[in-house]
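Asks: Given next are the chains, with one letter for each unit.
Protein chains: 2
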Amino acid sequence: MLTDAVRKASDESTPLVAARNAVLRVCNAIPSSEMIELDRLMRTSPSVQARKQVFYVQQEDEIYTALRERWPEPERSMALRTVAMLAVGAMRIAGDIFTQENGERPLAELLENIFRSVASEIR
Amino acid sequence: MLTDAVRKASDESTPLVAARNAVLRVCNAIPSSEMIELDRLMRTSPSVQARKQVFYVQQEDEIYTALRERWPEPERSMALRTVAMLAVGAMRIAGDIFTQENGERPLAELLENIFRSVASEIR
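Residue numbers (full-length UniProt numbering), protein chains in the order written: chain U, 1 to 123; chain H, 1 to 123.
The following block holds chain U by itself, in its conformation from the complex (with noise of 0.2 Å):
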């Protein structure tokens, strides 16, 4: 679903842009309630938090994979990695917030929120 996303994005569409809307799909394909129950049952195992740790870094590489299949210029390599790990970093801190409030914010509202916090941090 992810690297999909990234390898529909449109030609204007910039790495950034692209991994944006591929965590964005994402998070609105999963139902709220669902995501809070899920996540509170994987924070009772320390096995499964460090688990989820590990699939994040592999969603992390497949995104890192269609945004070089995208974008294939070599020079543009260490860029498009560091995109699909702020793209997945965004995604945990939002699931993280999200759960903490309770669902009070829309996942994709406080994912929004952080790519334009990194964007004001950034310039």
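Calculated from the structure, these hints are not laboratory results. All clues given are correct.
A partial selection of chain U residues facing chain H, derived with a Cβ cut-off under 8 Å:
{"hint": "1", "residue": "P15"}
{"hint": "2", "residue": "T82"}
{"hint": "3", "residue": "G89"}
{"hint": "4", "residue": "I114"}
We put the beta carbon where it would ideally sit given N, CA and C, even for glycine.
Add chain H to chain U, keeping to what the hints say.
Replies: Using the frame of chain U, we list chain H on its own:
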């Protein structure tokens, strides 16, 4: 070590610069040869790999806490958390490339390149 560097950041510093300097200081403190060996050893065990990811999340929390002490405005909290994620993610990617390249480029140089590439992708 990470949080000390954030706390000691100059008054003109931004959260991103403080977090960047913190991870740069840590990278400069680890001898290259030891890092490659340690990383190789760690890669032989999936459970150690998983714990490494948990370690990164802990580092992120520590930097985030230090950044919040320094910039305590609540409306800035999400941005600070994102900056901490970015800094630790950059450290992780720099470490991966460093090992892949067998220490060809110094870790600090890789880390600086990563921070530059994020800035160029976001602008």
